[in-house]
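Asker: What follows is the residue order along each chain.
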Amino acid sequence: MRRLLLLSLLVYGLIIAGLATLDGRVVALAMPLALYLVAAFVYSPEKPRLVITRTMSTPIVQHATPAVVTVNIHNQGGRLEEALIEDVIPPGLTVTGGEPWLQTSLAAGGTAAFSYTVQGKRGNYPFRYLQATVNEHLGLFRYRGWVEVESNLMVLPELLRLEHLDIRPLRTRGYAGPIPSRVAGSGINFFGVREYQLGDPLRWINWRASARHQHALFTNEFEMERIADVGLILDARQNNNVLVSRSGEYDSLFEHAISATAGLAEAFINDGNRVGLLIYGRGLEMTYPGYGKVQRERIMQALAHARTGDSQVFESFDYLPVRFFPAKSQIVLISPLREEDLAILTRLRARGYQVLVVSPDPVTFEAQKYTPGTTAIDFAMRITRVERELMLRRLRRVGIQVINWQVDQPFANVIRRSLVRPLTPNLRIVRIER
Amino acid sequence: MNLSTRLLTGSTLLAAAALALGYGLNGELSNGLQFALFFVALGLLWLVGQRYAIRASATLGLLGFTVGALLGAWFGVESGWLLIGVTAALVAWDLHYFVQHIREGENADVEAQADEDVQTDTPPYQNARVLERAHLQRLGIVSGLGLPLGVLAMTVQLTLRFSVVLGLGLIAIFGLSRLVRYLRQEGD
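Sequences listed follow chains G and V, in order. No gaps in the numbering here: position 173 of the first sequence is 173 in the numbering used here, and each next residue is one more. The number in the numbering used here is simply the position in the second sequence, starting from 1, with 434 added.
Warning: the hint list may mix true and false statements.
As the list claims (entries may be wrong) - A partial selection of chain G residues facing chain V, derived with a Cβ cut-off under 10 Å: (1) A30; (2) V38; (3) A64.
What the hints assert, rightly or not - Chain V side only, calculated, beta carbon under 10 Å to chain G, not exhaustive: (4) L455; (5) L459; (6) V599.
Just so you know, these hints were derived from the structure itself, not from any lab. Owing to the predicted nature of the structure, the values given are computational and were not obtained by experimental measurement. For glycine and all other residues, C-beta sits at the position ideal for the given N, C-alpha and C.
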């Protein structure tokens with residue numbers, strides 16, 4: 001616009017000056033400029049009629065995986081000498097390949113396409129508008145407009161791969177699985193000894209016990225292994241989140257909690273368990289219990305959308321919908337924890353739930369903010385650590401399994417130390433004396 | 435892009451040289467040399483602006499050379515030099531924006547990739563080249579016609595009555611008001 005204004009003012013200035021001084025040479029100087037202006041005007045673009053479609057290589061991508069966005073343009077109007085089509089990329093996504101725009105000429109009925117690659121952190125990214133700018137070759141007259149093309153890209157959370165997790169809920173489901181069910185039957189692990197019944201395999205007879213009784217035979221019993229109901233609770237309360245600035249970018253404890261939840265969900269689902277998810281904080285975001293790959297996708301998508309919230313209603317765990325989880329099932333709470341959460345966790349335990357708390361350590365995480373060596377800070381850290389350790393001890397005392405995870409440690413290692421069952425449980429190391 | 439860049443530099447130097455020569459060769463003007471040096475300096479400043487992609491330098495360059503040509507007409511400088519100067523300044527002004535516009539976008543990639551011996555038949559290269567060719571073609575026609583039209587306007591002598599001059603002036607004002615209205619609509 002400024003170019004057009006400048007050129008027009010020069011043309012008019014020269015013509016008016018020429019007329020005012022009755023000097024034809026001054027008017028003649030305006031001729032090249034005037035011709036330029038007239039040429040631009042003659043070829044000025046009409047309102048473009050563009051049909052634009054945007055397609056994603058995949059609408060859902062794994063963490064740190066790029067997605068290819070392709071934009072197809074179809075010109076349904078007259079010829080466009082120069083068209084610049086720019087895609088508006090949602091904040092949070094980074095272009096890692098190609099360019100999100102195309103500058104080209106489009107004949108009447110002509111088509112063009114461009115593609116680029118984007119990558120981003122966990123989240124949902126709605127694409128909405130493209131900006132189309134058309135102008136004639138000299139670039140004086142242009143038409144700019146927005147084209148609404150809705151599409152969506154979802155980036156799933158980072159998945160921390162875990163091995164089989166050893167949990168022991170009080171009640172299991174009827175299908176075979178990897179979790180000891182506290183019921184005798186077909187299985188691997190020794191459960192007890194009972195009197196021989198007709199039909200018992202001979203190799204199950206406990207000869208040592210039978211030798212002690214003259215008229216009875218005894219058979220070994222094994223513990224049945226079943227699948228279980230697992231309820232994951234992700235604490236998304238804003239007050240419990242800790243943010244630490246690292247080289248201009250914020251690292252959030254909540255993001256670590258999400259990655260842990262994703263890893264746990266996948267490990268439990270891979271074992272065949274029925275898994276549900278409750279995200280507690282902004283509201284109650286529930287993913288109802290289910291099995292298999294479809295459930296895995298549901299949980300991952302719920303985690304991709306998860307945000308912290310500061311709802312006054314859900315400030316404490318008082319409104320935890322306990323009936324969402326089947327009775328005596330396994331509950332896994334992923335939370336940095338705070339003192340007032342102990343009461344509700346104790347109540348859950350009292351109701352017969354097997355509770356496991358995975359607690360990303362907020363004290364160590366927040367300690368990164370401060371420079372160690374200052375007496376006051378060191379002292380404050382020690383006090384906070386002691387308070388947290390006491391809180392965790394109180395939880396352990398009521399029978400709740402607690403994993404204190406310092407997020408700079410690999411989650412898989414922490415889990416392996418606390419939960420992973422050895423592959424050969426009955427194998428013992430025997431010292432041979434010579 | 436190389437062609438456009440070369441043309442840009444060439445047209446800037448031509449504009450400066452034409453006006454400098456016009457003023458310098460004018461025997462009637464006592465301080466013609468100072469004016470000539472001023473236009474050389476203006477041209478060099480514009481070249482620096484082009485090197486560092488300063489958009490304002492294009493505006494100042496065209497404005498400076500056009501006002502210089504206008505003053506030259508009043509000071510009795512040879513009209514041919516003035517016309518060449520204005521036309522060359524117009525070409526430089528246009529190419530300044532064009533080169534910058536292309537560099538900001540596609541050509542930033544093209545130049546970065548050119549070092550890596552990337553195939554030059556990929557769409558970004560084609561688009562940049564096609565647009566450049568079309569732009570230069572249009573600019574060549576406009577400036578090629580503008581120059582003889584200016585010469586024609588200088589040679590044709592018309593005697594206008596005051597009422598005609600007034601009428602032309604009113605048309606010019608009307609046109610200007612329409613232009614301002616158009617620019618306002620564009621701004622909205």
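Asker: Evaluate each hint against the coordinates.
Answerer: Quick rundown of the hints versus the structure:
| no. | hint | verdict |
| --- | --- | --- |
| 1 | A30 | holds (8 Å) |
| 2 | V38 | holds (9 Å) |
| 3 | A64 | violated (24 Å) |
| 4 | L455 | violated (16 Å) |
| 5 | L459 | violated (17 Å) |
| 6 | V599 | holds (5 Å) |
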